[in-house]
Amino acid sequence: MLAFIVRRLLQSIVVMLVVALVAFSLFNFVGDPINNMVGQEATTEQRAELRERLGLNDPIPVQFLRFVGNAAQGEFGISYRTARPVADLIAERLPATVELAVTSAAFALTLGIVLGVYSALNRYGWTSRFVMTASLIGVSLPTFLIGILLIWIFAVNLQWLPSYGRGEVVDLGGWRTGFLTLSGLQALILPAVTLGLYQLTLIMRLVRAEMLEVLRTDYIKFARARGLSNRAVNFGHALKNTLVPVITITGLQLGSIIAFAIITETVFQWPGVGLLFIIAIRFVDIPVMAAYLILIALFFVIINLIVDLLYYLVDPRLRVETPAARTAA
Amino acid sequence: MGASQSNSQQGPLNSRQGQAGASEEAPHGRLHRIFDSDIWHSFSHSPITVLSAIITLLFFLAAIFAPLIAPYTPFQAGSLHLMDGFTPPFEQGMSGNFYVFGTDDQGRDVFSAIIYGARISLLVGFCAVLFAMVLGVTLGLIAGYRGGWVDTVIMRIADVQLSFPAILVALLIFGLAKAMIPRDYQENMAIYVLIISIGLSDWVQYARTVRGTTMVEKNREYVQAARVIGVRPAVILFRHVLPNVMGSVLVIATIGLALAIIAEATLSFLGVGVPPTTPSLGTLIRIGNDFLFSGEWWITIFPGIALIMLALSVNLLGDWLRDALNPKLR
Amino acid sequence: MMAQTDSSETPLLEVLNLRVEFPTRRGTLVAVDDISFDIKPGEVLGVVGESGAGKSLTGTAVINLLEPPGRIAGGEVRLKGQRIDNLPQEKLRHIRGRQIGMVFQDPLTSLNPLYTVGYQLEETIRTHMNMSEGQARKRGIELLSEVGISAPQDRIDQYPHQFSGGMRQRIVIALAVCANPSLIIADEPTTALDVSIQAQIIDLLKRLCHEQGTAVMLITHDMGVIAETADRVAVMYAGRLAEVGPVQNVIKQPYHPYTKGLMGAIPTVGQKLERLTQIDGAMPRLTEIPSGCAFHPRCPKAFDRCDTERPDPIAVEESKVACWLYDDARVLSGETEQ
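Chains as they are written, first to last, in numbering that gives the first Met the number 0: chain U, 0 to 328; chain G, 0 to 329; chain E, 0 to 337.
Any given hint could be a false lead.
Only pairs whose alpha carbons sit at most 25 Å apart, straight line, appear in this in silico BS3-like list of lysine-lysine [to be verified]:
1. E/K90 with E/K39
2. E/K205 with E/K79
3. E/K205 with U/K220
4. U/K220 with U/K239
5. E/K90 with U/K220
6. E/K79 with E/K39
Covered, in the sense of this in silico footprint (three residues per stretch, anywhere, with C-beta under 8 Å from a C-beta of chain U), are these stretches of chain E [as the list claims (entries may be wrong)]:
7. 76-84
8. 90-103
9. 299-309
Because the hints were derived from the structure by calculation, they are not lab data.
The model shown is predicted, which means the values in this text are computed figures rather than measured ones.
Beta carbons: idealized from backbone N, C-alpha and C, even for Gly.
Required output: the full structure, derived from the provided sequences and hints.
Now the structure itself:
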């Protein structure tokens with residue numbers, strides 16, 4: 000168990016270093032950082048001085064180490080666009096994104112698993128056929144269009160829910176949450192549904208496919224032949240086996256919620272890091288782009304780690320064999 | 000075991016027999032063989048697939064013949080009637096012109112804009128898929144044939160890229176390109192940058208499939224024999240390995256086209272795609288989005304519906320193709 | 000056959016005119032067509048035939064475990080005189096495992112990999128018997144030791160993947176017998192195992208059933224196993240019953256031309272090396288079952304009638320044979336065995 004965790008941690012660190020290298024190259028070789036910071040009017044001396052102060056004259060490996068060291072402490076330099084520390088910008092906006100992502104993940108997971116199991120168990124019923132057809136449309140719908148359609152229906156025509164922003168937020172020691180106010184919760188509904196809908200359809204289809212696969216296996220047939228109750232067969236045996244592969248893919252899907260949050264945040268003008276990133280791309284604000292890249296990578300690595308651990312806990316076969324067997328499973 | 004298994008094998012056995020039967024009747028001609036084949040059977044027996052094919056075909060035709068079909072030329076400054084701005088659907092503007100889907104703020108016909116927009120969307124989608132396909136197939140062939148460290152490096156990159164969502168990769172590449180291309184050229188280069196970003200974000204699938212087949216195929220006797228008699232590796236790959244993967248590649252490409260169209264629309268919607276001077280469906284939706292609240296819903300909803308229909312049709316076609324060509328690809 | 004042995008004894012299982020169908024897009028396939036047989040308490044009935052003959056489907060149809068769209072389209076299944084083929088699933092569930100145990104072909108896939116052997120045993124025991132967790136566990140350990148697993152008190156907490164194939168089949172058998180059923184349907188129980196282990200598993204099955212008086216429906220294509228184990232044999236061909244009879248008759252003196260071909264294809268130790276006979280052609284697919292007797296295109300003795308009329312089982316001594324060669328008229332005129 001311990002060896003497994005250590006191994007995974009080491010792999011994660013390698014991935015993070017590679018991403019840091021990409022971010023660092025972005026930072027150093029795309030455009031001239033000095034030009035980006037001081038503007039056209041600065042004198043040559045000013046430039047040289049800034050160059051020295053930023054350590055841009057040091058050998059590249061030294062610069063990279065410093066970059067990694069700074070990044071590890073949450074230091075990503077100054078935003079070209081707003082002239083404020085990138086770390087502050089991100090810290091300000093992270094709560095909005097995290098709350099949005101968590102809500103939509105919870106929405107997608109619960110409903111996705113429930114609908115998936117339901118439509119697998121009642122595969123010939125008309126409700127499950129309807130759900131399947133609807134989900135096919137759901138998979139083909141671009142996230143931003145879902146958002147626009149929801150806004151059009153619920154904000155413009157019905158006027159039930161707000162269409163942009165987070166509503167009122169409460170400051171909890173630096174973490175500004177929208178969970179505690181009515182307007183905050185209302186503002187969360189449309190973006191969370193928009194962001195979660197795609198994952199929901201994906202999880203649902205996956206759970207359904209896996210469950211159907213499992214229901215065909217010999218051990219399920221044998222479980223029925225042993226006279227176990229439907230409940231024991233479907234939920235005790237089939238569901239647990241279904242969840243093993245579902246955990247991995249779902250985990251990775253949840254990771255992409257953060258990425259898709261970029262789109263949702265743009266549609267709903269949700270003040271999170273995704274919106275920050277899009278604006279950074281439009282204005283070529285490289286420090287913000289680099290910081291976002293590292294943040295996303297960190298998020299993915301953590302999710303992967305959790306998925307691996309869960310996998311390890313659910314499937315007894317992994318506890319005896321080598322962790323490498325996971326790829327084969 | 001037993002009858003249940005033999006029963007499940009019935010389908011494929013039958014189909015093989017059906018094809019064999021068809022080839023015996025070769026004198027009836029190629030066309031007959033197509034209509035007698037299993038693929039045609041599964042196609043014509045799935046109404047949804049036929050409908051999807053028709054819709055896709057209509058979009059293709061509309062895109063190719065846009066100047067002939069579109070009632071107006073929405074992106075030539077001189078031809079616009081500003082006074083017709085915000086005409087609702089199915090109504091005549093002040094100038095007396097009729098607009099099926101209404102007009103936008105500048106009096107542009109939304110229907111014509113959709114046709115021209117679909118043209119850009121399909122163009123970008125096609126080029127991106129082609130780029131991804133060429134890149135992915137080539138890398139897959141190389142990785143599978145050479146093996147060793149070349150394989151390791153290519154597949155590692157693929158793994159890392161695959162763990163990030165394609166749209167994020169495309170955004171990053173787009174951002175990078177934007178940082179490197181001088182500001183003056185950005186407008187003109189945007190469409191190429193877009194194609195390359197989407198293409199680069201989507202090559203992994205091809206590479207993985209092709210690599211797998213290549214690794215199997217290269218150990219076959221006939222490939223070994225070809226190598227022994229001194230046929231060049233490139234020739235072996237193109238003659239023997241490539242035909243084996245074309246079915247799978249076609250399926251990936253079809254589904255990839257739907258994904259690329261959506262990716263393009265998304266990037267354009269985010270304001271980092273094609274510029275508003277030559278709008279794609281995504282750009283149209285973004286422009287129209289600003290008017291959603293003031294009641295001019297048609298400017299954004301109609302391009303939205305067009306995008307959904309296009310993406311859904313291509314997706315359904317891809318789904319069907321996957322099941323028809325190789326049910327195991329799932 | 001029943002007439003001359005003890006007819007007073009009611010059969011444990013009666014299958015009457017059973018028919019199993021698979022509706023497909025290209026028409027309905029009849030996988031098991033009008034089959035009748037019975038099994039007496041404690042008796043071992045071997046069911047043989049080529050793969051695809053419908054043996055396994057007959058076995059699964061008995062406890063109504065057919066996978067949709069497969070379904071029982073006709074006939075009756077009676078257990079101890081009571082019809083069970085039309086029972087609702089919930090009632091049937093109390094027969095499965097409790098009255099009729101089942102052993103499947105592949106022990107590697109029959110056990111749920113995510114649960115310990117003990118969990119699966121206790122779960123089954125407690126489903127059918129009124130026992131506490133502790134009692135069920137104790138019985139589970141006893142069962143494991145009965146099926147020949149050493150150190151059962153330790154191994155009960157292990158997962159299926161920690162056992163070898165043969166050991167897993169022993170566990171599967173333990174699961175099948177854990178509620179003392181009166182019938183076990185063993186569907187190719189040794190096919191997936193090493194030859195060296197096959198005999199052990201068959202011995203185990205024989206011993207357990209003998210001790211408890213359990214009847215067995217042994218589905219296999221291995222005539223050696225049948226010769227050694229079965230009391231009676233049913234031979235299936237293309238979803239139909241070709242011949243049923245006492246094992247000695249069927250093996251030594253088969254009546255149906257198909258059975259003869261089947262027996263001719265088996266090498267016997269000690270026999271002088273003759274050429275093994277072989278039946279020309281292959282069993283038809285379910286989509287193209289010939290008219291009349293399904294075997295007639297391959298049958299060396301087929302005549303006109305075989306092409307047009309389907310033979311019903313005809314009693315010949317202790318056997319029943321579905322072949323026109325044994326129709327009264329012919330038997331009387333002495334044309335059968337030349």
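Hint check:
For the suggested pair E/K90 and E/K39, the alpha carbons sit about 23 Å apart, so the restraint of at most 25 Å is met. With a C-alpha separation of about 22 Å, the suggested pair E/K205 and E/K79 falls inside the 25 Å cut-off, and the hint holds. Using a Cα cut-off of 25 Å, the hinted pair E/K205 and U/K220 holds, with the two alpha carbons roughly 24 Å apart. For the suggested pair U/K220 and U/K239, the alpha carbons sit about 15 Å apart, so the restraint of at most 25 Å is met.
Pair hint E/K90 plus U/K220 holds up; C-alpha atoms about 17 Å apart against a cutoff of 25 Å. With a C-alpha separation of about 10 Å, the suggested pairing of E/K79 with E/K39 holds against the 25 Å cut-off. For the stretch 76-84 of chain E, the stated coverage by chain U is violated: 0 residues have a C-beta nearer than 8 Å to a C-beta of that chain, whereas at least 3 were required. Here the stretch 90-103 of chain E counts 9 residues with a CB under 8 Å from a CB of chain U, which clears the bar of 3, and the coverage holds.
By the rule of at least three residues with a Cβ nearer than 8 Å to a Cβ of chain U, the coverage given for the stretch 299-309 of chain E is violated, with 0 such residues.
When held up to the earlier numbered hints, the structure conflicts with 7 and 9 and fits the remainder.
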